[in-house]
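A.B. asks: These protein sequence lines are chains A and H, in that order.
According to the numbering used here, the first sequence is numbered sequentially starting from 1.
According to the numbering used here, the second sequence is numbered sequentially starting from 1001.
Don't take every hint at face value.
[Claimed, not checked] Beta-carbon label-pair distances, calculated as ranges:
hint: 1; chain 1: A; residue 1: G104; chain 2: H; residue 2: E1097; range: 26 to 32 Å
hint: 2; chain 1: H; residue 1: L1084; chain 2: A; residue 2: R58; range: 39 to 45 Å
hint: 3; chain 1: H; residue 1: L1084; chain 2: A; residue 2: T52; range: 27 to 33 Å
[Stated by the list, open to error] Computed footprint of chain A on chain H; a stretch qualifies when at least three of its residues, placed anywhere within it, have a C-beta under 8 Å from a C-beta of chain A:
hint: 4; stretch: 1061–1075
hint: 5; stretch: 1101–1110
[To be verified] Beyond 12 Å from chain H on every Cβ pair, some chain A residues (computed):
hint: 6; residue: N13
hint: 7; residue: P21
hint: 8; residue: S25
hint: 9; residue: P44
hint: 10; residue: S61
hint: 11; residue: A65
hint: 12; residue: H76
hint: 13; residue: D82
hint: 14; residue: P93
hint: 15; residue: N98
hint: 16; residue: R107
Hints listed in this document are in silico derivations from the structure and should not be mistaken for laboratory results.
No residue lacks a Cβ here, since even glycine has one placed at the ideal position from N, Cα and C.
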Amino acid sequence: DAKTTQPNSMESNEEEPVHLPCNHSTISGTDYIHWYRQLPSQGPEYVIHGLTSNVNNRMASLAIAEDRKSSTLILHRATLRDAAVYYCILRDPYNAGNMLTFGGGTRLMVKP
Amino acid sequence: EAGVAQSPRYKIIEKRQSVAFWCNPISGHATLYWYQQILGQGPKLLIQFQNNGVVDDSQLPKDRFSAERLKGVDSTLKIQPAKLEDSAVYLCASSLEGSFPIGEQFFGPGTRLTVL
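Turn these sequences into a full structure, and let the hints guide you.
C.D. replies: Written out as structure tokens, the structure reads:
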């Protein structure tokens, strides 16, 4: 399985943008990039996914490098509620089915 | 729309005892997953069901863990006998069949198991 590398933790100030990086240098052509987050004492929740193009939704934006070897999850205005562990996951729906392989993720701390 | 339900939320047992967790997925979701999340780590898939058939149980410690999904809806995960290293949060998730290629998974709140 292609692996991802994320910083263990990051800090942000409330109401400022946050850029969460993810490196995936061994990504294959059919791997989708998924982001999930896990709020304290809750199960993970889907945030966003992409293949090649940048993506936006109501929660976040996903910027994918042209060579697809890295991506960045962007929270446009961090709130205290965004404090969570963010997981960057590669998934090949053609080979791995719906399996998600979680790494350690990035713990985001948001300061008021 | 109701989410994935799990019970109990917390369980404390002594080693060598047995324990069972219950999961009710989102209505209509054919695929159900059980994950184990040890403190400080990401969730690890234990078993995946498609309806009431097992798709992947390669990481399930079958000497002590078992899971079933009768009638393709609810599922139970059992540990017998429990060991200290089984202390973790057990997460249940479900997804829609045919949600290719996104396959968004919806997670329950988890059951926190402490083995003393």
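A.B. asks: Could you run down the list of hints and mark each one as holding or not?
C.D. replies: We went through each hint and held it up to the structure:
1. G104/A x E1097/H: 26 to 32 Å: The hint (26 to 32 Å, Cβ to Cβ) holds, given that G104/A and E1097/H are roughly 30 Å apart.
2. L1084/H x R58/A: 39 to 45 Å: 43 Å, holds
3. L1084/H x T52/A: 27 to 33 Å: Distance hint for L1084/H, T52/A is violated at roughly 46 Å.
4. 1061–1075: This one is violated; 0 residues, fewer than the three required, reach chain A with a Cβ under 8 Å.
5. 1101–1110: Since three or more residues must qualify, the claim that chain A covers the stretch 1101–1110 of chain H holds, with 10 doing so at under 8 Å.
6. N13: 25 Å, holds
7. P21: About 17 Å separates P21/A from the closest Cβ of chain H, which puts it past 12 Å; holds.
8. S25: It holds; S25/A is separated from chain H by about 20 Å at its closest Cβ, greater than 12 Å.
9. P44: Since the minimum Cβ distance to chain H is about 5 Å, P44/A lies within 12 Å and the statement is violated.
10. S61: 17 Å, holds
11. A65: 20 Å, holds
12. H76: 22 Å, holds
13. D82: Its Cβ never comes within 12 Å of chain H, the nearest being 18 Å, so this holds.
14. P93: 4 Å, violated
15. N98: Label violated. Min Cβ-Cβ 4 Å, cutoff 12 Å.
16. R107: The claim is violated: R107/A sits with its nearest Cβ about 10 Å from chain H, within 12 Å.
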